[in-house]
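Trainee: Now for the letters of each chain:
Number of protein chains: 2
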Amino acid sequence: MTAHVTLGTREQARDGAPTLEAFSRQLLASGILSPSGVDGVWVRSATFERITEAVQRSVTALGRGRYETIQVPPVIARATLERAGYVRSFTDLVGSVHVFRGSDQQHADLLRRCDAGTDWAAVLDPADVMLSSAACHHVYPMCAGRLPPGGRRVEVRGECFRHEPSSQVTRHRSFRMHELVFVGEPVDALTHRDAGLAEGLELLSTLGLTVEAAAANDPFFGRAGAILADGQRQDAAKYEGVAPVGDLPTAIMSANYAAEHFGAAFAIATAGGVVAHSSCVAFGLDRVALALLSAHGLDVDRWPVGVRQRLWQ
Amino acid sequence: MTAHVTLGTREQARDGAPTLEAFSRQLLASGILSPSGVDGVWVRSATFERITEAVQRSVTALGRGRYETIQVPPVIARATLERAGYVRSFTDLVGSVHVFRGSDQQHADLLRRCDAGTDWAAVLDPADVMLSSAACHHVYPMCAGRLPPGGRRVEVRGECFRHEPSSQVTRHRSFRMHELVFVGEPVDALTHRDAGLAEGLELLSTLGLTVEAAAANDPFFGRAGAILADGQRQDAAKYEGVAPVGDLPTAIMSANYAAEHFGAAFAIATAGGVVAHSSCVAFGLDRVALALLSAHGLDVDRWPVGVRQRLWQ
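Chains as they are written, first to last, in numbering that gives the first Met the number 0: chain Z, 0 to 312; chain C, 0 to 312.
Hint data in this document are derived by calculation from the structure and do not stem from the laboratory.
A portion of the hints provided could be inaccurate.
[As the list claims (entries may be wrong)] Here are the in silico distance ranges between beta carbons for each label pair:
1. Asp234(Z) with Ala250(C): 45 to 53 Å
2. Arg24(Z) with Glu259(C): 34 to 42 Å
3. Ala143(Z) with Arg56(C): 31 to 39 Å
4. Arg24(C) with Gln167(Z): 45 to 53 Å
[Stated by the list, open to error] Sample of chain Z residues at the chain C side, in silico, Cβ under 7 Å:
5. Val40
6. Gln70
7. Ser102
8. Gln104
9. Pro125
10. His137
11. Gly149
[Claimed, not checked] To give a feel for the contact side, a few chain Z residues facing chain C, derived at Cβ under 10 Å:
12. Ile69
13. Val96
14. Asp118
15. Phe174
16. Pro218
17. Arg222
From the three backbone atoms N, C-alpha and C, an ideal C-beta is built for every residue, glycine too.
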């Protein structure tokens, strides 16, 4: 479960690699990311997008045409996120969308609150949508019912939101996930996770990243959450691919075996009639881009020729 | 301000063009868009994305390298949307992001509400972000202060949200905007708007769309909103490029002169020291894709060769 790749000159250069703080300063000075005025929400330059789009193409290539491909919006049905168990388990991370459905009189109240600088948002109501927390959450309701033999493979990308305010350039509240999802027979779901992890690490390695697999857990919330996190580690259900950004080891991909969690929640049955299991291999496109900028420098045109060829040819 | 282009066979075919309802049925049956479980939020297929990405490249080409290019996340600083005046003027369209910042006890309360099926979102607080309503809103805070001579040109794309629930396939609550924005001298802002409108209509025409410019107004909310909308029409501040989707004339682009609205709100001064004016030419990538599918059919490989060449060569 571990892949080490060292491109000689890069590894030597790492002895003098900047700290995350120094890397961040250089990154912002370069304009590759620009602040938006709030923590964890970044405006992306053409250079940054050139990288994330190339990584995205690489992930698609990893799928080798075996997946249905979808792109999902950044909002999702509230009922879907509730059924996924996300609200209960990751309560502190969710973004709930609230809207105005009031009368003229309530609008006048809202305007008065705006004028007074008090909390106008208090007059809003929850909408039927929330911010999407993981791209794959859109996939499971689409699989409800009986799956075809061999299960279903879906490549999904979309922008996600997790409320983790931080000024660190590696912790975006709004970020792009690109996932390869499998839903089907239990044994196939586990195979998909393990093969996807190996292939994902290999991909990141060929891009010149020093990436290692590490057992991990999701950041379940609250007291019950600690028990869930322990269980996830004991079951070896989650691995992350970790690469340095500056001097900070940063999870840039993950490979997750969800067992029957989503199959049960969304009433998905295998062709054989049992509750479907699922797994997903997820790439954080923004974080992969940051790891690449950290490894190869801020001037993309001076990245190692092999890396540029893999990304842009 | 009007551009008509008719590709002979297409225009003839339009006599038998399906209604929006029939087009929608065929579109959904084809899987080009899939429902997400709530109105106005659609899962996008690889085919749909192939089209939106090609349109996006065409809009970038329209900029001819004269613009800084940025990509923006679907959330924006709450303070930015407030300063932009969007909350007051389009109160019914905004999406406010609310998050959990409570104690263990409040979490227990939230879980009880989840169990009981009552409104758990009532225990949330407004975050410092909202959903982005227009891609260009991210641009104005970046321009605060004194502009360089000649002003600033920014190409911006991003996913936007407007709370207009509808089952119509043309009215997405979550949708992609691609805009060419100018901020600078008043006369230059107006020139940018008019030139961008002409060039945008020309672009859409070369893609085989029957597109017409129409004076328009933004959907300002409430009683005061009606007055603002009237003023906008009297000032000829907004034009839309309208093309049929099925039999429904649909705004697929707009060209907007905002005068000093954003310059004043975000303290942007021209090189000469006066309040900057701004204008933007905005393409609704999802709607342009729908208009193309309506005009040329659901099988992209059978679109007119000239259109395919423009989009993919």
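Trainee: So which of the earlier hints does this model not fit?
Mentor: The structure breaks hints 7, 8, 11, 16; every other hint is satisfied.
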